[in-house]
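Chemist: Each chain, written out:
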Amino acid sequence: MSQLAGPVSQGSRVAILIVLALAGRAGSLAAAEAPKAPPGKLGEELFRFGKEGIGPSQMTRVEYVAVDPGGFVYLGDWELGRVQRFSPQGKLEAVAYVKSDRVNSLAYERSGVLFVVTLHHLFRYDAKTLKLLGEVEPPGGGDYLAIASRPGGGVIAVLESRNISDDVAFLDKEGKIERVLYGSIEKAAGYTVQRPFVTVDGKGFFYVADNGNHAIFRFDPEGRYISRFGYPGHPAGDSNTDFAGITVDGRGQLWVSGWSTLNVVTVDGRPRQSYEMSSYGLAVNDKDELFVTDRTQVRQYAAGKP
Amino acid sequence: MNLHRHFPLLLLLLCAAGCAGSGVATRPPAPAPSNKVAEPPAEDSLEPAEPAMDDAEPEAPAPEAPSQDVLLLRFKGTGKDLGTMTQSALVAVDPQGFVYTADAGRVLRFTPEGKFASGFSTGEPPCQPTGLAADRGGIVYVACGGRLLRYEGASGKLLGEVRHPDGAGFFHVAPRPDSGVLVSWRNAQRDDFVLVAFDGTIETIHRNAVAGASGQAAGDVLVAMDGRRTIYAAVNPLHAVCVFKLTGEYVNRFGSEGEDPDQFSGPFTGLAVDGQGQIFVSDAKGVSALLGEDGRFLRRLETKGTGLAIDDDDALFAAAGTEVAKYRVEPPPKKD
Numbered sequence: 262m263s264q265l266a267g268p269v270s271q272g273s274r275v276a277i278l279i280v281l282a283l284a285g286r287a288g289s290l291a292a293a294e295a296p297k298a299p300p301g302k303l304g305e306e307l308f309r310f311g312k313e314g315i316g317p318s319q320m321t322r323v324e325y326v327a328v329d330p331g332g333f334v335y336l337g338d339w340e341l342g343r344v345q346r347f348s349p350q351g352k353l354e355a356v357a358y359v360k361s362d363r364v365n366s367l368a369y370e371r372s373g374v375l376f377v378v379t380l381h382h383l384f385r386y387d388a389k390t391l392k393l394l395g396e397v398e399p400p401g402g403g404d405y406l407a408i409a410s411r412p413g414g415g416v417i418a419v420l421e422s423r424n425i426s427d428d429v430a431f432l433d434k435e436g437k438i439e440r441v442l443y444g445s446i447e448k449a450a451g452y453t454v455q456r457p458f459v460t461v462d463g464k465g466f467f468y469v470a471d472n473g474n475h476a477i478f479r480f481d482p483e484g485r486y487i488s489r490f491g492y493p494g495h496p497a498g499d500s501n502t503d504f505a506g507i508t509v510d511g512r513g514q515l516w517v518s519g520w521s522t523l524n525v526v527t528v529d530g531r532p533r534q535s536y537e538m539s540s541y542g543l544a545v546n547d548k549d550e551l552f553v554t555d556r557t558q559v560r561q562y563a564a565g566k567p
Numbered sequence: 522m523n524l525h526r527h528f529p530l531l532l533l534l535l536c537a538a539g540c541a542g543s544g545v546a547t548r549p550p551a552p553a554p555s556n557k558v559a560e561p562p563a564e565d566s567l568e569p570a571e572p573a574m575d576d577a578e579p580e581a582p583a584p585e586a587p588s589q590d591v592l593l594l595r596f597k598g599t600g601k602d603l604g605t606m607t608q609s610a611l612v613a614v615d616p617q618g619f620v621y622t623a624d625a626g627r628v629l630r631f632t633p634e635g636k637f638a639s640g641f642s643t644g645e646p647p648c649q650p651t652g653l654a655a656d657r658g659g660i661v662y663v664a665c666g667g668r669l670l671r672y673e674g675a676s677g678k679l680l681g682e683v684r685h686p687d688g689a690g691f692f693h694v695a696p697r698p699d700s701g702v703l704v705s706w707r708n709a710q711r712d713d714f715v716l717v718a719f720d721g722t723i724e725t726i727h728r729n730a731v732a733g734a735s736g737q738a739a740g741d742v743l744v745a746m747d748g749r750r751t752i753y754a755a756v757n758p759l760h761a762v763c764v765f766k767l768t769g770e771y772v773n774r775f776g777s778e779g780e781d782p783d784q785f786s787g788p789f790t791g792l793a794v795d796g797q798g799q800i801f802v803s804d805a806k807g808v809s810a811l812l813g814e815d816g817r818f819l820r821r822l823e824t825k826g827t828g829l830a831i832d833d834d835d836a837l838f839a840a841a842g843t844e845v846a847k848y849r850v851e852p853p854p855k856k857d
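Chains as they are written, first to last, in the numbering used here: chain E, 262 to 567; chain S, 522 to 857.
Chain E extracted, bound-state conformation (with noise of 0.2 Å):
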């Protein structure tokens, strides 16, 4: 585990600026043409864990990440099928793993209950101890795709159902359906969803990016489709976009990770930044200090000035 806000004096941290400056300058020499990330306005990194390997708290394909009030981060492994919890302190406190050797998706749920999605099926479980507290049925016998936890309790789930069409669910935190929105990709875009994510803001609106249509879609609290666009230099329907996770903040941002690139959109689908960095799971807490990562390694940045 490491830390990068490490002591390193004001002096050094000059010095380090202009070997970086004097570095980039020798590389922008040998390959002139590459690509300038635009100038960010990412918050500062504050903290990050993390060591590549299979032990109990290492990482292989870290993925998925959820946060909670009391700042313990919850991360989910692809490859390894295991949900992690670690301290603030990225001091691991729980291991556990999933019944279908696959994580896709995870969200923490208000009231202590982590949700989480194993290869179509959904589970819960206590979030302190990562004890499995049980399977929820999918509405009609769908398969569970993605799941996002609601600001007043309770998580959001998209499925695909026997029909071949896809379903958004509003669940409580036992996970008890209490209502379902069907079809609710496939009308708005005309294809149903592939690999989706979700997240929802403050005020309820649900945004699904899709990686099937190549988009995000946004609805309000009802479950009514509003619009579609994608990010920073990738519009709606572009079939190089790439969705790798997606969260908001509480400033009306939508933080959205291409494997590759992450990048800020306005709720209401207004390009803002993208950034050149590696990017998959993101999650941010009640401080809008960013939680990402990118697979072996979680980073946590201060909220950066919208």
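Accuracy of the hints is not assured; some may be wrong.
Negatives, chain S to chain E, calculated, CB over 12 Å [what the hints assert, rightly or not]:
| hint | residue |
| --- | --- |
| 1 | ASP741 |
| 2 | ASP783 |
| 3 | GLY816 |
Derived BS3-like pairs (lysine-lysine); straight-line CA-CA distance at most 27 Å [what the hints assert, rightly or not]:
| hint | chain 1 | residue 1 | chain 2 | residue 2 |
| --- | --- | --- | --- | --- |
| 4 | S | LYS825 | S | LYS636 |
| 5 | E | LYS392 | S | LYS766 |
| 6 | E | LYS434 | E | LYS389 |
| 7 | S | LYS856 | E | LYS312 |
| 8 | S | LYS678 | E | LYS389 |
| 9 | S | LYS678 | E | LYS312 |
| 10 | S | LYS597 | E | LYS312 |
| 11 | S | LYS766 | E | LYS360 |
| 12 | E | LYS448 | E | LYS437 |
| 13 | S | LYS636 | E | LYS392 |
Here chain S is said to cover these stretches of chain E; the calculated rule only asks that three of the stretch's residues, wherever they fall, bring their Cβ under 8 Å from a Cβ of chain S [as the list claims (entries may be wrong)]:
| hint | region |
| --- | --- |
| 14 | 312-319 |
| 15 | 348-361 |
These aren't lab readings, by the way, just hints derived from the structure by calculation.
Yeah, the Cβ is synthetic: ideal placement off N, Cα and C, and Gly gets one too.
We have chain E; now place chain S onto it with these hints.
Modeler: Just chain S, lined up with the frame of chain E:
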């Protein structure tokens, strides 16, 4: 690193690297020294080098690179009123870094810095433990005389006994990556792998695991489990490490009896796996590091450890006699 002191040097190095990469055609760097018999081609020759065919000696194996395993800590297993470990062949480490050793009738607990913290007796009459492990919840499991006892590690309080439906026969214990332990069990008829949950209940028994796969009696089996939940079993009659899936399905085995580096000699006394895909096996020769995916011999550690354990940071603990040593071990070679 003191960046103030090294800044001019860094600057010079980076500038040189930048100039070299800025479009000026340069020769590639000279090749590293090699043990090859053939002469390298002349600098401007377009002809490939001819291998030396006549009088060529068989290529000697490349000399082993010096090991980068580093001794971090060594401490004596002495516990005040409990005396000093005399025959400690077992070691365990919990997620908080506390280290446990065991010999006849007692378990000693040490801080991560190697200071004695506490100890407890495993009852009368004292028996020689054959297995010792600490799970992720800080529960210490001791296999002794075929029984498997659970203790609260910090206090030494006995929590209970794990009972196999077919009676005593527990032998070796290893931590599971989530919680609970993996235990080997045997009687006169068969050998089992037993998966014990965090609360001491038996989750799964893979019956006749090794003998069922190998067709011969397994005897005392040492076990370990990695982060993929692959089960490793060091089996004395086979002089081999056998690999099983979590389901108990046999996958592979590697090793044989002999004096070559990749062979085993004498009874196995320790088995552990790290998070980087390495297996550590101790026998009469010492501690061998093997690559988990294919059993390839990597190197021999300069330690006389018998009992082995790995912590969350991939440090290796080796117990031998009255001492425990902690090593930062070299990671396995990276794949091309």
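Chemist: Are there at least three residues in the region 348-361 of chain E whose beta carbon sits under 8 Å from a beta carbon of chain S?
Modeler: Coverage by chain S holds here, the residue count being 5 at a Cβ distance below 8 Å.
Chemist: Please work out if S/LYS856 and E/LYS312 have their alpha carbons no farther apart than 27 Å.
Modeler: 17 Å, holds
Chemist: Against the 27 Å threshold, does the CA-CA distance of E/LYS392 and S/LYS766 hold or violate the hint?
Modeler: At roughly 23 Å apart (the allowed maximum being 27 Å), S/LYS766 and E/LYS392 satisfy the hint.
Chemist: Take the C-alpha atoms of S/LYS766 and E/LYS360, compute the straight-line distance between them, and say whether it is at most 27 Å.
Modeler: Within the cut-off at roughly 15 Å; holds.
Chemist: Straight-line Cα separation of S/LYS678 and E/LYS312 no greater than 27 Å?
Modeler: Between S/LYS678 and E/LYS312 the Cα gap is close to 34 Å, so the pair fails against 27 Å, i.e. violated.
Chemist: If you draw a straight line from the CA of S/LYS678 to the CA of E/LYS389, is it 27 Å or shorter?
Modeler: 24 Å, holds
Chemist: Assess, step by step, whether the Cα of S/LYS636 is no farther than 27 Å from the Cα of E/LYS392, and give holds or violated.
Modeler: 34 Å, violated
Chemist: Looking at S/GLY816 again, its CB stays over 12 Å from all of chain E?
Modeler: 17 Å, holds
Chemist: Regarding the assertion that S/ASP783 does not contact chain E, is the least Cβ-Cβ distance greater than 12 Å?
Modeler: 23 Å, holds
Chemist: Are the Cα atoms of S/LYS825 and S/LYS636 separated by 27 Å or less?
Modeler: Judged against 27 Å, a Cα distance of about 21 Å means the pair holds.
Chemist: Below or equal to 27 Å on CA atoms is what counts here, so check E/LYS434 against E/LYS389.
Modeler: 15 Å, holds
Chemist: Taking beta carbons only, do three or more residues of the region 312-319 of chain E come closer than 8 Å to chain S?
Modeler: holds (count 7)
Hints 9, 10, 13, counting from the list given before, are not met by this structure.
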